[in-house]
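Novice: The task is simple: from the sequences and hints, build the whole structure.
Residues per chain are reported as follows:
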Amino acid sequence: MYALAIKDLVKRYPTGTEALKGVSLEIEEGEFYGLLGPNGAGKSTLIHCTTGLAQPTSGAIEVFGHDAIHHYGDARLAVGLAPQEPNLDWFLTLEESLDFHGGYFGMTRKDRRERAQELLETFSLSDKKDQRTRTLSGGMKRRLILARALMHRPKLLILDEPTAGVDVELRLELWHYVQRINAEGTTILLTTHYLEEAEQLCNKIGFINGGEIVATGTSADLAREYGVTNLEDAYLKLVGRGELSRAHIGSEA
Amino acid sequence: MSPAQIRFLTLVRREVNRFFKIKRQTVGAPLLETFLYISVFGAALGTRIDQLHGVDYVVFIIPGLIMMAWATNAFSNNSSSLLQQKFQRSIDDQLSSPASPVELLLAFSLGGFLRGGIVATLTFIASSILVGVPVEHVLVLIPALFLVGFFFSQLGVLVGLRAEQFDDVSFYQTFILQPLIFLGGVFYSATLLPEPFETLTQFNPVYYMIGLVRYGFIGYSETNIALSLLFLTVAAGILFTVNLRLFNRGYRLRA
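Protein chains in written order, with UniProt numbering: chain A, 1 to 253; chain B, 1 to 255.
Since the hints were made in silico from the structure, they are not lab data.
In this text, a Cβ means the ideal position worked out from N, Cα and C, and glycines have one as well.
Any given hint could be a false lead.
Think about it this way: if two alpha-carbon atoms lie no more than 30 Å apart in a straight line, the pair counts; the simulated BS3-like pairs of lysine-lysine are [as the list claims (entries may be wrong)]:
1) A:Lys128 - A:Lys141
2) B:Lys21 - A:Lys110
3) B:Lys23 - A:Lys128
4) A:Lys141 - B:Lys86
5) A:Lys141 - A:Lys155
6) A:Lys237 - A:Lys7
7) B:Lys86 - A:Lys155
8) B:Lys23 - A:Lys110
9) A:Lys21 - B:Lys86
10) B:Lys23 - B:Lys86
11) A:Lys204 - A:Lys141
12) B:Lys86 - A:Lys129
Covered stretches of chain A, as calculated for chain B (at least 3 residues, CB under 8 Å) [to be verified]:
13) 44 to 57
14) 71 to 83
15) 87 to 94
Specialist: Following this line, the structure appears as structure tokens:
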């Protein structure tokens with residue numbers, strides 16, 4: 001069974017823009033899948049369709065065999081989403097943010113309390129648990145968003161550019177953590193603009209461009225497919241900017 | 001409790017938590033406002049006004065003030081809460097949960113309904129202590145107040161859903177809701193108005209709501225009670241159906 005199976009997914013906005021043009025994608029259980037593509041390629045739209053934040057025009061999405069579009073209850077229980085933009089409620093404390101999230105997913109009060117405590121400790125947020133979320137720094141907000149996504153113990157974790165704008169130590173800290181939970185069995189779908197991040201973490205990578213998946217494989221597979229030596233050059237070829245390759249910078253010098 | 005019950009209670013708890021966090025603004029301010037009305041219109045002006053339809057003027061206006069408290073708080077809570085959560089995108093946390101559109105709609109509705117209910121109840125208790133308020137027809141009063149609260153909760157949800165900026169919400173509140181309530185006869189009896197204003201008042205739906213609540217409290221009404229109840233039930237039902245359709249479509253919630 002696939003953790004995520006997307007078939008012929010089309011998303012057309014009322015303006016006529018076709019953000020996804022029949023995307024099909026399969027992510028195996030336990031995989032760490034990286035979705036790479038330029039801005040506007042359709043990465044976030046694909047994630048939003050999977051998590052119910054956007055309504056697909058046509059196509060099918062299954063999460064661990066459960067329909068994620070029409071009868072989405074079980075599918076949504078299995079997914080945790082850490083969105084690209086921090087979307088915390090300013091009025092809530094850190095602990096309340098986790099507690100309410102757990103409640104939306106049907107967790108009992110005892111379970112919510114224990115899980116929130118565990119996650120606050122894991123992400124070094126325990127001493128701030130009674131503060132309102134708007135008082136947090138950008139890095140702290142990122143940690144809380146990841147903690148919230150993990151609150152209901154999802155089997156599929158979706159990370160939409162989780163390390164955008166965070167400092168080096170937090171980035172490494174997050175890498176270690178997501179690698180650990182992946183090793184423990186959580187399937188992860190990651191979108192990122194940091195190719196190094198994708199290379200380091202993902203065992204499979206998909207290139208998305210213009211609303212279509214254009215290539216899939218390991219980083220070595222993709223480099224081979226584009227006739228280059230590394231993932232970065234393959235990506236630059238994908239976006240039609242091969243002249244920016246570091247190899248060229250070296251030769252010009 | 002089943003996971004579905006926990007989910008729904010949490011959705012409601014979140015809405016209640018929001019207005020209790022800012023209770024000075026959401027509960028304290030409306031209470032003060034109502035007391036100012038009672039002081040100015042009731043105690044100060046009321047001493048110079050004869051009885052209206054057999055009751056003191058201050059007692060005559062209290063049912064309308066209680067109804068107004070429930071209506072405006074239900075409306076403003078739901079419209080602000082929805083808009084604020086859309087604005088922050090924090091609503092995505094609920095939208096990406098297993099909650100169904102009807103659960104989401106009911107939870108958002110209940111937030112304002114409960115806030116309005118709390119302010120109206122506190123106003124009633126305080127008014128009863130200060131001036132003594134009769135309750136003549138409790139079997140009309142309770143359903144009438146609940147229906148008014150539910151109607152304005154739905155209206156608040158609808159406006160919050162449509163709104164894209166805070167100005168949109170205050171526009172409805174200041175330019176539509178307040179005039180309808182004030183001109184619906186909170187502070188006077190429509191029979192005292194000269195024509196054509198007496199007839200025009202009869203086109204204001206709030207006039208019938210005040211009529212119902214006033215009948216429940218002091219036993220006097222200028223409107224047909226059964227028809228007013230029927231009208232209010234149908235209107236609240238229509239608004240709920242419209243909102244449910246919009247939630248099902250994900251209107252201005254899901255891309």
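Novice: Now tell me, hint by hint, if it's right for this structure.
Specialist: Hint check results:
Between A:Lys128 and A:Lys141 the alpha-carbon distance is near 11 Å, which keeps this suggested pair within the 30 Å criterion. The hinted pair formed by B:Lys21 and A:Lys110 meets the criterion: a straight-line CA distance of about 23 Å does not exceed 30 Å. Taken as a hint, the B:Lys23 and A:Lys128 pair is honoured in the structure, with Cα atoms around 23 Å apart against an allowance of 30 Å. For the given pair, A:Lys141 sits about 18 Å from B:Lys86 by alpha-carbon distance, which is consistent with the 30 Å threshold.
With a CA separation close to 23 Å, the supplied pair A:Lys141 and A:Lys155 stays within the 30 Å bound. Between A:Lys237 and A:Lys7 the alpha-carbon distance is near 26 Å, which keeps this suggested pair within the 30 Å criterion. A threshold of 30 Å between alpha carbons decides the hint, and for B:Lys86 with A:Lys155 the separation of about 27 Å falls inside it, so the pair holds. For the hint linking B:Lys23 to A:Lys110, the alpha-carbon distance of about 28 Å falls within 30 Å, and the restraint holds.
Proximity of A:Lys21 to B:Lys86 is assessed by CA-CA distance (about 28 Å); at most 30 Å being required, the pair is judged to hold. At roughly 21 Å between alpha-carbon atoms, B:Lys23 and B:Lys86 fall within 30 Å of each other, so this suggested pair holds. Pair hint A:Lys204 plus A:Lys141 holds up; C-alpha atoms about 28 Å apart against a cutoff of 30 Å. A distance of roughly 24 Å separates the Cα atoms of B:Lys86 and A:Lys129; the hinted pair therefore holds under the 30 Å criterion.
Here the segment 44 to 57 of chain A counts 7 residues with a CB under 8 Å from a CB of chain B, which clears the bar of 3, and the coverage holds. Proximity of the segment 71 to 83 of chain A to chain B, defined as three or more residues with a beta carbon under 8 Å from a beta carbon of that chain, is established by the 8 residues found. Under a criterion of three residues with beta carbons nearer than 8 Å to beta carbons of chain B, the stated coverage of the segment 87 to 94 of chain A is upheld, 6 such residues being counted.
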